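Required output: the full structure, derived from the provided sequences and hints.
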Amino acid sequence: MPSTGADAPRFTTVDWADEASGLPRVQVRTVGFVVALLALAALFAYDYSVSPNSLVWSWDLTRMDWLSLLAGVVGVRYGVVPLVVDRDRTTRYVAALGRQPAAVLSFAYLFAFAVLGILGPETFGYATADFTRELQPPVYTSVNADPFVNYACIGDMVNERCHGTWKYPLGTTRVGEDVAKFVVYGMHIALKLALSAGILMVLVATAVGTAAGYFGGWIDDVLMWYVDIQQTIPAVVVYIIVAYTFLDDGLFTLALVFGLFDWGGIARLLRSETLKRRSSGYVRAARSAGASHLHVLRKHVVPNAADTIVTALTRQIPVLILIQVALSYLQLNTVNLRSLGEVLTRGLSTNPVPWFQRWWVMGSVVVFLVVTVVAFNLLGDAIGDVLDGQTEVR
Amino acid sequence: MSLVKYTARRGALAAVAALVAISLTFLVVATNRFYPVDTPLTQQYADYVLGVLRLEFGYSDSLRRPVSDVLVASVPRTLAYVVPAILFTYTLGILGGLAAAYGTNRRDTAARLFAYVMLGVPTMVVGSLLVYELMKHTWWASHPQWCTADGFVQKCWPPFTQQNVPFLGATEGGWGLRTATGWPNTEPWRTINHRYLLPAAVLSVGLATGLFRQARRAALEHRASSVSKMLAAKGASDTLDARHALRNAALPLLSVSFAELMSVFTIWAFVVEAIFHVPGITAFVQIAVRTRDLPLLVGTTVVLALLGVALSFLQDVLYGYLDPEVGES
Chain A
1 MPSTGADAPR FTTVDWADEA SGLPRVQVRT VGFVVALLAL AALFAYDYSV SPNSLVWSWD
61 LTRMDWLSLL AGVVGVRYGV VPLVVDRDRT TRYVAALGRQ PAAVLSFAYL FAFAVLGILG
121 PETFGYATAD FTRELQPPVY TSVNADPFVN YACIGDMVNE RCHGTWKYPL GTTRVGEDVA
181 KFVVYGMHIA LKLALSAGIL MVLVATAVGT AAGYFGGWID DVLMWYVDIQ QTIPAVVVYI
241 IVAYTFLDDG LFTLALVFGL FDWGGIARLL RSETLKRRSS GYVRAARSAG ASHLHVLRKH
301 VVPNAADTIV TALTRQIPVL ILIQVALSYL QLNTVNLRSL GEVLTRGLST NPVPWFQRWW
361 VMGSVVVFLV VTVVAFNLLG DAIGDVLDGQ TEVR
Chain B
1001 MSLVKYTARR GALAAVAALV AISLTFLVVA TNRFYPVDTP LTQQYADYVL GVLRLEFGYS
1061 DSLRRPVSDV LVASVPRTLA YVVPAILFTY TLGILGGLAA AYGTNRRDTA ARLFAYVMLG
1121 VPTMVVGSLL VYELMKHTWW ASHPQWCTAD GFVQKCWPPF TQQNVPFLGA TEGGWGLRTA
1181 TGWPNTEPWR TINHRYLLPA AVLSVGLATG LFRQARRAAL EHRASSVSKM LAAKGASDTL
1241 DARHALRNAA LPLLSVSFAE LMSVFTIWAF VVEAIFHVPG ITAFVQIAVR TRDLPLLVGT
1301 TVVLALLGVA LSFLQDVLYG YLDPEVGES
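Taken in order, these protein sequences are the chains called A and B. Every letter in the first sequence is one number past the one before it in my numbering, and letter 171, counting from 1, is 171. Quick note: to get my numbering, add 1000 to the position in the second sequence (first position is 1).
If you are wondering where the hints come from, they were derived from the structure by calculation, not from laboratory data. Note that the structure is predicted; figures quoted are calculated from it, not measured. Hints should not be assumed to be uniformly reliable.
[To be verified] Facing chain A, from chain B, some residues (calculated, C-beta under 10 Å):
(1) Ala1021
(2) Val1028
(3) Phe1034
(4) Tyr1048
(5) Thr1109
(6) Ala1110
(7) Ala1111
(8) Thr1123
(9) Ser1128
(10) Cys1156
(11) Ala1201
(12) Val1205
(13) Thr1209
(14) Ala1236
(15) Val1264
[As the list claims (entries may be wrong)] Sample of chain B residues lacking proximity to chain A, with all beta carbon distances greater than 12 Å (derived):
(16) Leu1019
(17) Asp1038
(18) Tyr1090
(19) Ala1115
(20) Pro1144
(21) Thr1161
From the three backbone atoms N, C-alpha and C, an ideal C-beta is built for every residue, glycine too.
Here is the structure:
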């Protein structure tokens, strides 16, 4: 149930020097953002022209990595920096979220997911085949070793049952690949996809949604017509066409196509949100004080729609991760190493033993996906409750 | 605005959307030619659009028949499970949402968690496990994966193809009950029958969550309203109150949910056809991709996009019918 208790009025400090200065003041965050973008561009130019094979040592960046880095810079500028700068508001959010155990748990999980996604594959290594350690069960579980041929149990063998060890906490596949490493690599893929497609979606949807809602008239008509048309053509279909005729079936294509063609829902939400704000007191006050449309949009309309954007993203991102897994299951999307979809294919196959005799291969992937989807959605519910029009930026 | 005028406007929009979809595929065709074409581009475009309107998509080399023949056979099969799936999804999502909103707090949390978990379990897992179970009992279910066994060596192929050659029939050695890892068969799905309800049910499992969430929120909003209080004061039961909630929530449910469903719907349709071996449109998209058959790819994707346009148009008309503002003058 949404909270019904009335909140006490809050007084916020306004930096009048910042608001009232005639000349546009250059802020530290803007400088930092431009410097970061320039550094990224310089690195890209260096990588492209001087050393195409590797950037530093043997580290070679693909175009997906570049897109993720760019998205990361934009995400830090518009997601992290405002939270750090406006500490007052951040503490309020944290306190409000802290009252909901489900939100805290979800946030903790998603934080771990992000850290593991960035650092995990390099720290723990990549899954490799090793026939001396095939089909080890996960830790604290055991498996009947009878049906397996040439089987070597790494843990304890008790009554013909092999017990799992901490060495392979999620067990191994039939060729001895560590399932935990698959899952960590899956997190890496999911994070890159979520970050780059998410940022692209937010950028386009914010521009279109707020412009349509704020200006109204023919701009609204044209933009919403476009959104209507775009939403009738499924992004998956566009992806398949683009992947097999123009680009390749990699993660980059997927992020690009979904980032540029799957934002209609967010734009629509933002439009109705902007419609509500357009005639509110603070927008009219800012306008009559001489603020430009751009200023009003940047300072009043978009910041107040932050909850809508974040909640919409918590709905969209898990679906995106599921779509990537489904596409790689159908072998319509390939990543450098094994993606979770391929692991699912193997986990579900009956070779050499039916799936339920090595349930952990499929089980780990399903549990990872379920926990990720549930965490995103619960966090979205909590954020929606906390930010739902309670703390307006005026 | 009268209903007729509203319908005409949405119809015009659907026509524009269809033209956009066709034009985009023309772009694909025009940029992927192997041979030079002398006629000017505008002429090519006009010919192409007219060809699509006459359902002429050229000849599929990999299947050795005209693409339109393939489409005529496959579109009904896809619709045979998509239409029931939409009905299932709406029923499941709305009833679940109402049950959660009108239940105790604990039941509400449980229902919410269950819905999110069901969203997270990939459809291929639900579908595959169901097919494994069916394989024990029925003659027509065959192994969900597309694998061939050569002695001890098993090799798995992308759905509906083997060595980049379309594969739709049964191999030697049979399939289903007799051999556990036999090559799958599309035979039981050639004609439309009651079995199509099965993929429909599997498809709706992963889709109902979005509707569930919106139905729940709408019902909660309704319960907080004074109308609901008045109904309760007059002695109305929860069921009656829920009916009021549903009627008020019908418009937002229709307008937001369908567009949100679209991309998820398509990807799970691909998965469901692959797992149940239904030779529908998405099956032929996959064949076209593997065999690099451009006419087939263009034909199938145009039809997929046009199906999306048609379904959105139907949704718009339903919206207009339910919206009290449309129809007032």
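Consistency of the hints with the structure:
Using the Cβ-Cβ criterion of 10 Å, the hint placing Ala1021(B) at the interface with chain A is satisfied: the shortest such distance is roughly 5 Å. The criterion of a C-beta within 10 Å of any C-beta in chain A is met by Val1028(B), whose closest approach is roughly 5 Å, and the hint holds. Because the closest C-beta pair between Phe1034(B) and chain A is about 13 Å apart, greater than 10 Å, the hint is violated. With a least beta-carbon distance of about 15 Å to chain A, the hint placing Tyr1048(B) at the interface is violated under the 10 Å criterion.
Taking 10 Å as the C-beta contact cut-off toward chain A, the hint placing Thr1109(B) at the interface holds, the least distance being around 8 Å. Here the hint on Ala1110(B) is broken, as its CB sits about 13 Å from the closest CB of chain A, past 10 Å. The interface hint given for Ala1111(B) is violated, since its Cβ lies 13 Å from the closest Cβ of chain A, which is over the 10 Å cut-off. Contact between Thr1123(B) and chain A, as hinted, is supported at the beta carbon level, the nearest pair being about 7 Å apart and thus within 10 Å.
Taking 10 Å as the C-beta contact cut-off toward chain A, the hint placing Ser1128(B) at the interface holds, the least distance being around 5 Å. Given hint, Cys1156(B) at the interface with chain A, holds; its Cβ is 7 Å from that chain's nearest Cβ, closer than 10 Å. For Ala1201(B), the interface hint is violated, the least distance from its beta-carbon to any beta-carbon of chain A being 18 Å, above 10 Å. The beta carbon of Val1205(B) comes no nearer than 13 Å to any beta carbon in chain A, farther than 10 Å, and the hint placing it at the interface is violated.
Satisfaction of the interface hint for Thr1209(B) is found here, the shortest Cβ-Cβ separation to chain A being roughly 8 Å, below the 10 Å cut-off. Here the hint on Ala1236(B) is broken, as its CB sits about 20 Å from the closest CB of chain A, past 10 Å. Here the hint on Val1264(B) is kept, as its CB sits about 6 Å from the closest CB of chain A, short of 10 Å. Remark: the non-interface label on Leu1019(B) conflicts with the geometry, its nearest Cβ contact in chain A lying 9 Å away (cut-off 12 Å).
The beta carbon of Asp1038(B) sits about 23 Å from the closest Cβ of chain A, which is more than 12 Å, so the claim that it is off the interface holds. Chain A leaves Tyr1090(B) outside its interface by the beta-carbon criterion, the shortest separation being 18 Å against a cut-off of 12 Å. Some Cβ of chain A comes within 12 Å of the Cβ of Ala1115(B); the nearest lies about 9 Å off, and the non-interface call is violated. A beta-carbon of chain A comes within 12 Å of the beta-carbon of Pro1144(B); the shortest separation is about 7 Å.
With a minimum CB-CB distance of about 10 Å to chain A, Thr1161(B) fails to clear the 12 Å threshold, and the non-interface call is violated.
The structure shown violates the earlier hints numbered 3, 4, 6, 7, 11, 12, 14, 16, 19, 20, 21.
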